[in-house]
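Line by line, the protein sequences are chains C and R.
For the first sequence, counting from 1, position 267 maps to 1703 in the working numbering; every step adds exactly one.
For the second sequence, counting from 1, position 308 maps to 1744 in the working numbering; every step adds exactly one.
Among the hints, a few may not be true.
Any copy will do: because identical chains look the same in the list, a pair fits if it lies in one copy or spans two.
Below are the DSS-like pairs computed for lysine-lysine, each with C-alpha atoms no more than 25 Å apart in a straight line [claimed, not checked]:
#1 Lys1440 x Lys1453
#2 Lys1482 x Lys1453
#3 Lys1516 x Lys1529
#4 Lys1661 x Lys1709
#5 Lys1491 x Lys1453
#6 Lys1453 x Lys1607
#7 Lys1501 x Lys1466
#8 Lys1619 x Lys1607
#9 Lys1709 x Lys1440
Don't read these hints as lab results, they were simulated from the structure.
Number of protein chains: 2
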Amino acid sequence: MSEKWIAGVDLGGTTTKLAFINLQGNILHKWEIPTDNSNEGLNITKNIADSINEKLAELNYPKTKLVGIGMGAPGPVDYKTGVILNVVNLGWKDNFPLRASLEELTLLPAAVENDANCAALGEMWMGAGEGARNLVCVTLGTGVGGGVISGGSIVQGANGAAGEIGHITVKPFDGAPCNCGKKGCLETVASATGIVRLATTEVAKQESSGKLVELFAKNGKITAKEVFDMARDGDEIAIKVVNEVCFHLGLSLANIANTLNPEKIVLGGGVSKAGEILLKSVNENFSRFAFSAVRNSTELALATLGNDAGVIGAAWLIKDKLKL
Amino acid sequence: MSEKWIAGVDLGGTTTKLAFINLQGNILHKWEIPTDNSNEGLNITKNIADSINEKLAELNYPKTKLVGIGMGAPGPVDYKTGVILNVVNLGWKDNFPLRASLEELTLLPAAVENDANCAALGEMWMGAGEGARNLVCVTLGTGVGGGVISGGSIVQGANGAAGEIGHITVKPFDGAPCNCGKKGCLETVASATGIVRLATTEVAKQESSGKLVELFAKNGKITAKEVFDMARDGDEIAIKVVNEVCFHLGLSLANIANTLNPEKIVLGGGVSKAGEILLKSVNENFSRFAFSAVRNSTELALATLGNDAGVIGAAWLIKDKLKL
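All chains should be built: construct the whole structure from the sequences, respecting the hints.
And the structure:
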């Protein structure tokens, strides 16, 4: 007898990740399709439904064994109504009824949530969360996203805007402009984009020298990965940039922890691939700024699921919704 | 037929507040007794039990109509076990089994919680919360406390240390020492003690002049209330101090809201009696530093219950526990 599967979907601006996941959270099959933003985004859910049917046929697996479809989407989602409030780059008009559309086209129970929240749920279920029911996840990518989980459930917020950790103001006076319209957000220093900006500013200074400066002179640009690599090699300018990033990140996370005292804070996203050099420095700043009882009980950890966190967390939505 | 009552208790270092509260949250009778810290605090719960019995006899009310006793205590509480972890000034040894002691002596179902959390629950139930199930309360008193409520329940944290809003670091570099052992905590600028410290520093500057300086010269001291009164009267030094306090408070609350997007943030405690001048300035800073979706949905409000918040929130614990 074949086991029950959940379809997990992680919708991105250019690519949609899909996976069949069992009730234990293991990915059995995963694949990707392009995201079709044309025609006001009306092909997006249809393509997902078709792709799932095709994959089931290809695997010769009965659709009756698929219990539901969970999906993460890049924008604020009202979990209760399943409506995605507003989203850039996908073509949908405001308040698109995403869950209803998925249910209609797949004929399956559906659940939708913000993608950063799905990543947080994924890490809680199968990743660095390791059973913690109270955790905060920070996604350090092109931007900085986040998800707050309390008692095993995502904290949604009054306007679906809980977890906007990237928009914590860390430089109230002389901060760089953020895409959100404010200045000095955490995202302006701790995202890949922010790290590149800090590094580019540093190497441009007349007194700067060293490997990072040479690399910039050669390539005309620097990546966030190169900054961490050079810092690991002892380059002074790179170390200075990493220290600034980790200072703001550690202070912000300590202040979040002073408020929520979560069991774990998980660092994910592309920037977190820097690994120990990032974690160690963030931890030092975290310890310095966390209240003693918090310092002793809230643990920082690197995400372990990588790009799979989103589809796994999306599948968890169905496991949770259907109480499986 | 007489209605059901709950006993609500707010334990302080010198005074214990008690009240009989009905299931609608209304205080029917309230009184106070001294807190007896002698004998390792072993008289505290006995005195409470005796006082409740005496008051019932005085009112000629049947004890069978008292459904339970809820209590707020000044220290970290493990809500599930009812143990108070450690507490200064009450005489109890670490890990005192507070709920068990109350149940044994009163023969009633009991529930215990941290006092700042009780105040938050009180404001949620009968005060400024006005039905909001997701709110953050900040108590601006001698220190700065806080309570975070998500989905109608207190966020406890891994070590009972959630809600330590007073220990958010607002001055990472040149902050004043805090009682918690860190430096530059919100408490060092936004508590009554912190406001007095800031004001005293300002008036001591050689170039300072005005009413606040004259008041300090006359009395040898300044109170937080006087700082707000003088600011309302247009005194420059007082306005400068209020601006600094409200800047740090508004920025910290905006960053909490960027993380949690609560429906309401309630300002309580003695300092909040400053009223509109405080709320307006905190709001201005909050709006400046909150993410747009948060700014538009998280509302700041002054607490409305004053000193009654604690006993009302303590009674709510029983209403919630017994599902009344």
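Now the hints, each set against the structure:
1. Lys1440 x Lys1453: The answer is within: 20 Å in one copy meets 25 Å, while 56 Å across copies does not.
2. Lys1482 x Lys1453: So lysine 1482 and lysine 1453 pass the 25 Å test inside one copy only (15 Å; across, 62 Å).
3. Lys1516 x Lys1529: Answer is within: at 19 Å inside a copy they meet the 25 Å cutoff, but 46 Å across does not.
4. Lys1661 x Lys1709: This pair counts as within: shortest intra-copy Cα distance 8 Å, inter-copy 51 Å.
5. Lys1491 x Lys1453: within (13 Å within a copy, 66 Å between copies)
6. Lys1453 x Lys1607: Close neither inside one copy (35 Å) nor across copies (43 Å); limit 25 Å.
7. Lys1501 x Lys1466: Within one copy only: 17 Å inside a chain, 61 Å across chains, cut-off 25 Å.
8. Lys1619 x Lys1607: Answer is both; intra-copy 8 Å and inter-copy 19 Å each pass.
9. Lys1709 x Lys1440: So lysine 1709 and lysine 1440 fail the 25 Å test inside a copy (33 Å) and across (59 Å) alike.
The structure fails hints 6, 9 (numbered hints given earlier, in ascending order).
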